[in-house]
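Asks: Residue numbers (our numbering), protein chains in the order written: chain B, -17 to 487; chain H, -17 to 487.
Please note: incorrect hints may appear among the correct ones.
All copies of an identical chain are treated as equivalent in the list; a pair is satisfied when it fits inside any one copy or across any two copies.
The list that follows gives simulated cross-link-like pairs (lysine to aspartate or glutamate, EDC-like), each with its CA atoms no further than 20 Å apart [claimed, not checked]:
1) K(-2) - E374
2) K210 - E430
3) K169 - E222
4) K405 - E25
5) K(-2) - E25
6) K210 - D473
7) K405 - E131
8) K210 - E225
9) K134 - D220
10) K373 - E46
11) K169 - E441
These are computed hints drawn from the structure, not numbers from a lab. Just so it is clear, the structure is predicted and the values come from calculations on it, not from any experiment.
2 protein chains.
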Amino acid sequence: MSSITSETDAIEQARKRIASAYDPQLLQSAGREIVDLLVSQLESCQKSAGSVLNWNSPPENIAEATRLLCSGISDVESATPMERIRLLAETMLSRGQNLQDPRYIGHQVPASVPLAGLFDAIGAVTNSVMAVYEMGPWATACENALVEELGKLIGYQAGSFSGFITHGGSLANLTALLTARNVALGKSWKEGLLGTNPQPVIIAHGAAHYCIERSAGILGIGTDRCLKASLDDRGRIDVELLEALIVEVQSKGHPIIAVCASACATPLGAFDPLHEIADLCEKYDLWMHVDAAHGGAACFSDRYRDLISGLERADSMICDAHKMMFVPALCAFVFYKNREHRFDAFQQNAPYLFDPSAPDIIEYDSGLKTIECTKRAAAFGLWGLWSTFGKELFADLVDVTFSMGQILSEKLRAAPDFQVLHKPECNIVVFRYLPEEIAGRKAEQIGEFQLRVRRKLIESGEFYIVPSSFEGIAALRCTVMNPLTTPRHLDQLMDALRKYGRELL
Amino acid sequence: MSSITSETDAIEQARKRIASAYDPQLLQSAGREIVDLLVSQLESCQKSAGSVLNWNSPPENIAEATRLLCSGISDVESATPMERIRLLAETMLSRGQNLQDPRYIGHQVPASVPLAGLFDAIGAVTNSVMAVYEMGPWATACENALVEELGKLIGYQAGSFSGFITHGGSLANLTALLTARNVALGKSWKEGLLGTNPQPVIIAHGAAHYCIERSAGILGIGTDRCLKASLDDRGRIDVELLEALIVEVQSKGHPIIAVCASACATPLGAFDPLHEIADLCEKYDLWMHVDAAHGGAACFSDRYRDLISGLERADSMICDAHKMMFVPALCAFVFYKNREHRFDAFQQNAPYLFDPSAPDIIEYDSGLKTIECTKRAAAFGLWGLWSTFGKELFADLVDVTFSMGQILSEKLRAAPDFQVLHKPECNIVVFRYLPEEIAGRKAEQIGEFQLRVRRKLIESGEFYIVPSSFEGIAALRCTVMNPLTTPRHLDQLMDALRKYGRELL
């Protein structure tokens, strides 16, 4: 046999193995199996039949993931691809964090509407992507439709704003601040920041999400040039002190790239007074940016939309649909009030991407507006959900979970062994468990006790809540991000903290 | 009725509506329906029964996406949620780009292994995310296992390297270059780039992907400071000229943040001589970065791994699993040869995320290493695929598609009315269709003809290929990213180009 023939044979053998991996019948069997497993997992979670967090140490989990990765279908546990797939899927479901359990009251990551994950899966199985319109015509259409409808709900004027979806709030804030930087400092994109003197600054909410300061570090501005605006006693930007800071910075000649407000700020869920900040930005001719990753969805709710009044005056803002619109991660919106800024973040020339024979279509080539070149169809989950249930679903989700923040706060306030550390404005509640034996101790000891109780609680799998810090001392933090969490679960949480606290005393 | 009671009633009503959206039975019915639709779509695509690209203009698609978004289940076409869901899913599948059709021979985005999308869907339906270990213990484990195994295959030394997954090659390159910048210019993270004189530069492959130059723009270095290394006649970095450039830049005192090689470069798929570039980087003490987004997967293939020989000497490199590992977007790896650099991109303090009561776990908190705070479980598709079929599947996929690049090139070379513009090294082939009537015309006319033929071809739905440019004149470009594409399809592609070409003449 000649070497060319054996070469061809080898490729033919490879083609056969590939064909069995691409077999539609395998997709059918595996799809049904996985759907069944997901359904029974969801049922079990909703009934709180298992643990919230399935705790295993990192080395234990990594060893198991590596074993499965390297053992292949020769593994004795699974002789056929379908048996193998079942084993892998069961393992994935049995070792994770169960956000669908109503005792998950943790990070600002929702128990997403399960159906949204299915719409997302249509994109994943077909590998629908964007960058140029041709590659994802329908993904582009869904994204554009959502940008238009959400932008109008936020209060932007139809026809004059622009927006897009990107992979997460950090990237969204980075892109918006890059635009603000390029607008404020004309030549910085091409020439860098080296000749810019006096140094430009960003002014941010004093407890802004860490990604704002990081953006200053990434963009060459420097984290030291991310000045923190002082907060009032409710954790909101103090507008008088903000004005004093602006005046001081401008008097020294430093360009202000942006004033970054929060709606709401991460630590306490405090909403900045956006109209007053917008007034200042207009007065001093400054770019107003709002990180509304969590709170932007209040635009759906008659009950809560006052919290974000003034958001429509922001030059740029971001909102994470994978937070309070209850879709799976990641689906973050960036908006520019003035659509003329939509191409200001980036400039480029990539002839293999952008086709001069169809110049009108460039407007729909997402890659010109986003850091991502290839971008997954991140709009599908939200578009599918909204199109199935209508936007009223998002109002319901905001109303139920925000109201639960109030209820939790009231319960904690009524209990002598708990201390709420702020007046919650939404579904974020920061507190401490302070039984008699602890209440009189030093602040550091009180903080350490919170962390130790929490660790026992979450490793037990009984509830999931997160650590935080208030005035430099550790605290506990809940965000009600599962709409099936009821007041009864909150009572049980408090009892569980008491139980694990007693074990430590 | 008191206002408190009606308030409670309104919340109870909202809870009921939410419960029906979260109903496991709806997930079951919708899941089965969507799996069935995906299977029949896959069968249809594999048989080329429909169009590759379903062409509709952007305004047409956006109008339809908006109509569905705003009409809700009151829509006459769909009275029940399940009818509505079916309508939406069918619409999504009927208006997209069909990468699973073997006549899709377009961008560097694969016809992904359909099963990978199902493993990804487990993450989407359960909303498995990362940032801190607790939130995604199993996602973290899968990512760590993959980083370790892939890093070893690339040739890094076990125990001494580090890596992570991020949302796409552009973000991966940006993060690696941010690390290089912070390492090269000690204070740039905190103090910005303002005091750095003479100006730092990045040296990049002359036809590097646009995201490298963009990174210079984003990072405050400036796109003008992204110097382009000259290429040889095969489109690879010319090492002699590179050395001359390094010497010249260093003699003027400019810090060189990184030398960025490509494996391979986007336009022609040319692989840089990595060992020679590594020798230079060692000689001049420079950070070597390699964009191996497309070619990194050659590490799986005995047949093609020589193309990336020397990759293991790169200080940082990136590789997109959503390219030549055939998983759906986005799943991009970043590697650092020296694990001491793993926290050099970012610094931060976010007490609500990182728990001082468990300091050992910080090593597994992905948010410290990535731009993303909340990150989706982007490892699941690849982990599932690799664990089901073993890593041999990736060797097969590389072997079959790279060999098809050769076959296409030979077919084009043998045809008098086609012109191949380079000697393909992988599955990327750039060419022109040059029938007699066109061959003698001016270069611009020849280029315009390529674009017009392509537009007719892709809007017909018969094949999907992409535009490119070679020596400033438009050309055609194929990347064989569907392993079911056979030599017969390539013959048909050439005939289709002839057919649409004749219509234009």
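Asks: Hint by hint, say whether it matches the structure.
Replies: For each hint, the structure was consulted:
For the homomeric pair K(-2) and E374, the shortest alpha-carbon distance between copies (13 Å) is at most 20 Å, but the shortest distance inside one copy (50 Å) is not. For a Cα distance limit of 20 Å, the shortest separation of K210 from E430 qualifies neither inside one copy, at 27 Å, nor across copies, at 54 Å. Neither within a single protomer nor between protomers do K169 and E222 lie at most 20 Å apart by alpha-carbon distance, with minima of 33 Å and 33 Å respectively. Taking the closest pair of Cα atoms, K405 and E25 never come within 20 Å of each other, the shortest separation being 35 Å inside a single copy and 57 Å across copies.
In this assembly of identical chains, K(-2) and E25 lie within 20 Å of each other by CA distance solely across copies; the values are 17 Å between and 39 Å within a copy. Proximity of K210 to D473 under the C-alpha cut-off of 20 Å is found in neither arrangement, the shortest distances being 37 Å within a copy and 64 Å between copies. When the C-alpha separation of K405 and E131 is checked against a cutoff of 20 Å, the pair qualifies neither within a copy, at 32 Å, nor between copies, at 49 Å. Taking the shortest Cα distances, K210 and E225 sit within 20 Å of each other inside one copy (13 Å), while across copies they are farther apart (45 Å).
Taking CA atoms no more than 20 Å apart as the test, K134 paired with D220 passes in neither setting, with 29 Å inside one copy and 53 Å between copies. Taking CA atoms no more than 20 Å apart as the test, K373 paired with E46 passes between copies only; the shortest distance there is 17 Å, against 42 Å inside one copy. Taking the shortest alpha-carbon separations for K169 and E441, neither the intra-copy value of 52 Å nor the inter-copy value of 40 Å comes in at or below 20 Å.
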